[in-house]
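Listed here are the chains, written in short residue letters.
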Amino acid sequence: MTAHLKQDEPDTANFLDTMKQGVLGKPVSRIEGLAKVTGTAPYAAEYPVENLAEGVLVTATIVRGEVVSIDKDAALAMPGVLAVIDDKCLTTRAAQGTANEAPQQNPRKVDYWGQPIAVIVAESFEQARDAAKHLSVEYREEEGAPLDPSAVEPEEQEDETVDQGDLAHAMARADHAADLEISTEGHASAAMEPHAAIAEWDGDKVTVYASLQMLNYNITELADSLGVDEDRVRLVSRYVGGGFGSKLGVSEEVVAAAIAARAVGRPVRVVMSRQQVFQCVMRRSETKQRLRLASDGEGRLDGFGHEALVSNLPEEDFAEPVLQSSHFLYGGKNRALKLEVARIHRMTAGSVRAPGEAVGMPALEVAMDVLAEKTGVDPVELRIRNIPDCNPEEDLPFSSHKLAECLQQGAEKFGWDAGARKPRQTRDGEWWVGTGMASAARVHNVGEARARVTLRPDGTAEVRTDMTDIGTGTYTIVAQMVGEMLGLGVDDVLVQLGDTDFPRGSGSGGSWGGASIGSAVYLACRALREKLAKKAGTEESDLALRNGAVEGGKSLADLLDGQELSEEGHYEPGEIADTHTASGFGAFFAQVRVNRFTGETRVDRMLGAFGFGRVLNAKTARSQCLGGITWSIGAALTEALHFDPRDGHLVNCDLAEYHVPVNRDVPEVEVLMVEERDPVASPIQAKGIGELGMCGGAGAIANAIYNACGARVLDFPMTPDRVLAAMPD
Amino acid sequence: MRPFDLQRPDSLEHARNLSTGETATLIAGGTNLLDLMKLQVEVPERVVAIDRLGMNEIQATEDGGLRIGALVTNTATANDARIRSDYPVLARAILAGATQQLRNRATTGGNLCQRTRCYYFTNIDQPCNKREPGSGCGAIEGIARLHGVLGTSSSCIATYPGDMAVAMSALDATVEIVSADGSERSVPVRDFHLLPGDTPWRDNVLETGEIITAVTLPALVEGKQLYRKVRERSSYAFALVSVAAIIAMEGDTIARADLAFGGLAHKPWYDPRLSDLLVGKAPDAALFDSAADLLLENAQGYGENDFKIPLARRTLAAVLAEATETEL
Numbered sequence: 001m002t003a004h005l006k007q008d009e010p011d012t013a014n015f016l017d018t019m020k021q022g023v024l025g026k027p028v029s030r031i032e033g034l035a036k037v038t039g040t041a042p043y044a045a046e047y048p049v050e051n052l053a054e055g056v057l058v059t060a061t062i063v064r065g066e067v068v069s070i071d072k073d074a075a076l077a078m079p080g081v082l083a084v085i086d087d088k089c090l091t092t093r094a095a096q097g098t099a100n101e102a103p104q105q106n107p108r109k110v111d112y113w114g115q116p117i118a119v120i121v122a123e124s125f126e127q128a129r130d131a132a133k134h135l136s137v138e139y140r141e142e143e144g145a146p147l148d149p150s151a152v153e154p155e156e157q158e159d160e161t162v163d164q165g166d167l168a169h170a171m172a173r174a175d176h177a178a179d180l181e182i183s184t185e186g187h188a189s190a191a192m193e194p195h196a197a198i199a200e201w202d203g204d205k206v207t208v209y210a211s212l213q214m215l216n217y218n219i220t221e222l223a224d225s226l227g228v229d230e231d232r233v234r235l236v237s238r239y240v241g242g243g244f245g246s247k248l249g250v251s252e253e254v255v256a257a258a259i260a261a262r263a264v265g266r267p268v269r270v271v272m273s274r275q276q277v278f279q280c281v282m283r284r285s286e287t288k289q290r291l292r293l294a295s296d297g298e299g300r301l302d303g304f305g306h307e308a309l310v311s312n313l314p315e316e317d318f319a320e321p322v323l324q325s326s327h328f329l330y331g332g333k334n335r336a337l338k339l340e341v342a343r344i345h346r347m348t349a350g351s352v353r354a355p356g357e358a359v360g361m362p363a364l365e366v367a368m369d370v371l372a373e374k375t376g377v378d379p380v381e382l383r384i385r386n387i388p389d390c391n392p393e394e395d396l397p398f399s400s401h402k403l404a405e406c407l408q409q410g411a412e413k414f415g416w417d418a419g420a421r422k423p424r425q426t427r428d429g430e431w432w433v434g435t436g437m438a439s440a441a442r443v444h445n446v447g448e449a450r451a452r453v454t455l456r457p458d459g460t461a462e463v464r465t466d467m468t469d470i471g472t473g474t475y476t477i478v479a480q481m482v483g484e485m486l487g488l489g490v491d492d493v494l495v496q497l498g499d500t501d502f503p504r505g506s507g508s509g510g511s512w513g514g515a516s517i518g519s520a521v522y523l524a525c526r527a528l529r530e531k532l533a534k535k536a537g538t539e540e541s542d543l544a545l546r547n548g549a550v551e552g553g554k555s556l557a558d559l560l561d562g563q564e565l566s567e568e569g570h571y572e573p574g575e576i577a578d579t580h581t582a583s584g585f586g587a588f589f590a591q592v593r594v595n596r597f598t599g600e601t602r603v604d605r606m607l608g609a610f611g612f613g614r615v616l617n618a619k620t621a622r623s624q625c626l627g628g629i630t631w632s633i634g635a636a637l638t639e640a641l642h643f644d645p646r647d648g649h650l651v652n653c654d655l656a657e658y659h660v661p662v663n664r665d666v667p668e669v670e671v672l673m674v675e676e677r678d679p680v681a682s683p684i685q686a687k688g689i690g691e692l693g694m695c696g697g698a699g700a701i702a703n704a705i706y707n708a709c710g711a712r713v714l715d716f717p718m719t720p721d722r723v724l725a726a727m728p729d
Numbered sequence: 001m002r003p004f005d006l007q008r009p010d011s012l013e014h015a016r017n018l019s020t021g022e023t024a025t026l027i028a029g030g031t032n033l034l035d036l037m038k039l040q041v042e043v044p045e046r047v048v049a050i051d052r053l054g055m056n057e058i059q060a061t062e063d064g065g066l067r068i069g070a071l072v073t074n075t076a077t078a079n080d081a082r083i084r085s086d087y088p089v090l091a092r093a094i095l096a097g098a099t100q101q102l103r104n105r106a107t108t109g110g111n112l113c114q115r116t117r118c119y120y121f122t123n124i125d126q127p128c129n130k131r132e133p134g135s136g137c138g139a140i141e142g143i144a145r146l147h148g149v150l151g152t153s154s155s156c157i158a159t160y161p162g163d164m165a166v167a168m169s170a171l172d173a174t175v176e177i178v179s180a181d182g183s184e185r186s187v188p189v190r191d192f193h194l195l196p197g198d199t200p201w202r203d204n205v206l207e208t209g210e211i212i213t214a215v216t217l218p219a220l221v222e223g224k225q226l227y228r229k230v231r232e233r234s235s236y237a238f239a240l241v242s243v244a245a246i247i248a249m250e251g252d253t254i255a256r257a258d259l260a261f262g263g264l265a266h267k268p269w270y271d272p273r274l275s276d277l278l279v280g281k282a283p284d285a286a287l288f289d290s291a292a293d294l295l296l297e298n299a300q301g302y303g304e305n306d307f308k309i310p311l312a313r314r315t316l317a318a319v320l321a322e323a324t325e326t327e328l
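From first to last, the protein sequence lines stand for chains A and B. Residue 525 in the numbering used here sits at position 525 of the first sequence, with consecutive numbering throughout. Residue 53 in the numbering used here sits at position 53 of the second sequence, with consecutive numbering throughout.
Hints listed in this document are in silico derivations from the structure and should not be mistaken for laboratory results. Keep in mind that the hints are not guaranteed to be accurate.
As the list claims (entries may be wrong) - Some chain B residues flagged as far from chain A (calculated, every beta-carbon gap over 12 angstroms):
id	residue
1	Pro-9
2	Ala-144
3	Ser-153
4	Ser-155
5	Ser-183
What the hints assert, rightly or not - To give an idea of the chain A side of the interface with chain B (calculated C-beta under 8 angstroms), a few residues:
id	residue
6	Arg-129
7	Asp-130
8	Arg-427
9	Asp-428
10	Glu-430
11	Pro-661
12	Asp-665
All residues carry an ideal CB built from backbone N, CA and C; glycine is no exception.
Based on the sequences and whatever the hints tell you, model everything.
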């Protein structure tokens with residue numbers, strides 16, 4: 001049986017709140033945690049497959065052109081080398097998230113320096129790598145490939161364009177106006193587990209163990225790449241060592257492993273080097289943004305402008321959606337928004353955690369800080385004054401809206417001083433100390449998801465879905481959802497994820513995993529409860545299950561009487577997504593210190609207050625917020641991809657030179673969860689929380705730097721050189 | 001990584017015999033060499049592991065200094081009670097470098113020999129005169145954020161990336177070296193590393209077959225010892241600029257000023273003129289400025305790293321102000 005729901009109407013019944021187990025929302029530690037910290041949870045490259053050959057990708061050393069020939073014989077003469085494969089089905093870029101079709105193929109055509117052009121298979125990894133480094137390749141280079149996003153005529157993303165009223169006029173007549181140009185540099189996902197795959201053919205069917213976020217799409221992408229039917233492909237991804245967008249779509253090593261294993265007639269493993277992970281998966285585009293805000297004397301927005309230039313390779317649909325939350329976060333009836341993409345030949349741009357808001361929100365929040373200073377309105381109050389009643393562009397109601405509460409509660413908890421603000425008021429030795437704040441917003445998404453829940457005769461439950469857990473806590477929240485609905489402890493729920501032989505989940509990405517798969521599991525449990533209620537002689541709505549039994553009645557095992565019950569939940573986003581604007585909201589507060597000699601900035605403390613619907617697990621949700629705030633610190637102070645100006649190659653392609661924050665950069669961080677029930681977001685009233693924690697946080701740090709030392713830095717990250725350049729004498 | 005022969009001698013004498021010839025490379029902690037071998041920046045045919053040679057003690061010398069064996073780990077040096085009390089600039093410099101895990105493996109001799117972190121040096125598909133003489137310098141017109149502003153040449157603008165040696169340079173420590181034939185020589189740390197000139201592949205004065213056996217610190221010095229490392233990330237990042245300083249006051253004037261700089265050049269930068277300028281003068285902003293003028297008179301930026309010139313000036317001022325308790 002399948003319990004199906006396509007949500008078209010708000011659900012205000014909050015049925016989950018009537019359940020008795022009391023496990024949902026609790027800070028349950030990750031149920032797979034022990035396996036992970038003891039090294040027994042297999043990651044993609046660690047599945048015990050016998051007779052493995054090792055594959056290493058060969059990458060291009062030209063910007064754009066053609067591979068004319070490859071000296072395969074010389075490579076094949078090297079010790080241990082089994083095959084040199086440049087099959088036309090090899091993919092040359094990773095698929096974009098939810099692409100659901102093969103990414104770019106044909107390795108003979110080169111579009112960026114570092115692009116995969118072949119895979120070498122050998123008996124040992126070292127042999128394959130040595131041969132890959134020495135493969136002699138003849139190219140025909142097509143000179144003049146554009147590399148600088150500012151030097152080409154950009155393409156307008158017309159579906160992002162908004163032109164309401166007359167912003168220029170609003171700016172001209174405004175009591176106060178802010179007009180700023182802000183830039184952000186590219187980011188890498190920098191997940192700890194490198195991209196890796198093991199492929200094994202059994203007849204005409206291939207099983208691939210891989211590190212992927214969205215198996216339900218990845219299976220189609222892989223099958224399409226190989227030119228086979230989906231029923232001949234199985235993907236397994238039980239544990240993923242971080243994704244952050246870089247594993248949304250099937251990447252080059254997955255297709256290469258499958259093609260290589262078919263070619264050499266034995267299982268093949270392909271693991272990307274750290275440098276390859278940086279160079280051939282996805283970058284977040286750099287951005288150049290212009291912010292225009294026009295307000296009356298009290299800071300109420302009359303005009304709102306946000307334009308952004310991003311970049312990507314030719315033929316890529318993805319354009320960093322910088323304006324995503326700018327469309328609805330603040331009011332202002334004269335609006336001009338525009339997103340443009342420059343076609344250049346750097347590596348592929350795609351999703352990196354919180355695509356869009358991660359870079360758009362900090363810029364907007366710096367502009368709001370400038371406006372706050374001009375109007376003399378407290379920055380917290382300024383934001384509260386500009387919360388619109390409904391989406392200002394589409395006249396849609398909000399599903400729920402906790403921005404004001406997050407701002408107020410966050411300010412109180414942080415100890416925000418709403419008095420007059422002026423830079424350079426506090427000095428501690430060599431350090432200027434200051435505070436800043438920003439709003440947080442991240443659109444809420446959901447995806448179609450299926451999960452099968454089986455009640456076994458002994459009264460325990462099992463869940464199966466190809467949903468992934470990318471380190472976020474999916475295993476645990478699924479167990480909690482089943483436990484809550486069926487009256488079980490999490491130990492009585494076996495959760496099996498990450499295998500396409502199971503019903504198709506939503507995958508993990510865009511912060512949608514929890515609400516989407518949680519809803520499918522919820523629906524399956526509702527159907528199971530219907531059956532159990534019938535057996536218990538009652539209505540489902542009256543069925544009170546707790547600790548493996550009907551309250552005051554039979555145990556589940558007795559009720560099942562030796563039988564097994566199984567139901568599949570199938571959740572689909574419905575029309576409600578088009579009739580409402582749904583978003584997570586929040587607020588960041590930061591205290592920083594800036595060294596008056598060196599311009600170094602250190603964060604003293606941060607607080608994030610977030611409203612994202614029902615909290616499914618207070619511990620894993622908080623961890624997501626902490627992770628997001630850590631990313632905010634990186635985006636604010638250290639993270640930047642650097643590309644060579646002559647060939648566009650990424651130069652800082654390892655964790656020593658791409659500077660994610662270290663422990664010492666991350667101070668005391670407080671998280672305040674402003675819980676709510678969102679009747680529109682999902683049938684379980686939950687919204688996404690995976691990305692909200694970095695959607696604006698870098699802006700709070702920028703504003704704190706200004707408050708500390710008077711340097712209004714308009715280029716992220718705010719490295720010491722940039723802070724010094726902006727610091728008044 | 002290319003296949004290589006691994007040899008693991010039990011004595012220094014045996015090691016000396018093995019380390020002759022162009023194809024042999026010594027390995028101690030391996031924190032730098034192994035990475036470079038994986039990237040095929042280094043492709044030794046023979047690797048001589050010297051981990052069984054002892055040389056892992058810190059001993060007092062007759063003239064009141066300390067002799068740090070070449071295989072003493074960075075962690076052991078930084079945690080040594082005598083180093084912490086008498087040579088705090090060295091302990092601080094070491095602790096400012098790398099990470100705990102790396103410092104646990106890294107050795108005194110190996111750290112002196114670590115190679116540049118230039119992006120073009122570590123990528124064998126890019127030009128680099130240091131790695132492949134005559135192929136050109138990728139950094140000069142490329143991404144040069146990490147690169148040098150002092151003592152650069154038209155063939156190389158790489159920096160020496162370490163911290164430990166910067167402190168040793170300020171302390172005027174000496175490198176003890178034994179050659180293949182058993183003869184010994186001593187080289188001041190200040191002269192150990194080379195500027196790139198026309199031979200950027202030569203990082204230091206070691207000749208083929210030579211092995212560092214120890215670094216000797218001179219007798220305890222008077223004065224304040226400071227190590228200041230400027231970087232955007234507060235750990236596990238190479239210096240944008242670093243300053244090691246030993247500053248002593250006599251009354252209101254500076255009596256001693258030994259300064260060495262990291263992040264600016266192909267070697268820890270020591271300019272004896274700074275001491276001459278500072279000693280005997282009363283500290284103030286103008287004096288610190290003239291010291292910076294002298295330090296940076298021939299500095300040349302390469303676009304991306306232009307910021308290092310004013311940053312070095314400001315960092316020097318901060319260090320001198322702190323050491324002399326001058327309010328700026």
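Hint-by-hint comparison with the structure:
no.: 1; hint: Pro-9; result: holds, 25 angstroms
no.: 2; hint: Ala-144; result: violated, 10 angstroms
no.: 3; hint: Ser-153; result: holds, 21 angstroms
no.: 4; hint: Ser-155; result: holds, 18 angstroms
no.: 5; hint: Ser-183; result: holds, 38 angstroms
no.: 6; hint: Arg-129; result: holds, 7 angstroms
no.: 7; hint: Asp-130; result: holds, 6 angstroms
no.: 8; hint: Arg-427; result: violated, 12 angstroms
no.: 9; hint: Asp-428; result: violated, 14 angstroms
no.: 10; hint: Glu-430; result: holds, 6 angstroms
no.: 11; hint: Pro-661; result: holds, 7 angstroms
no.: 12; hint: Asp-665; result: holds, 5 angstroms
Violated hints, listed in ascending order, are 2, 8, 9; each of the other numbered hints is respected by the structure.
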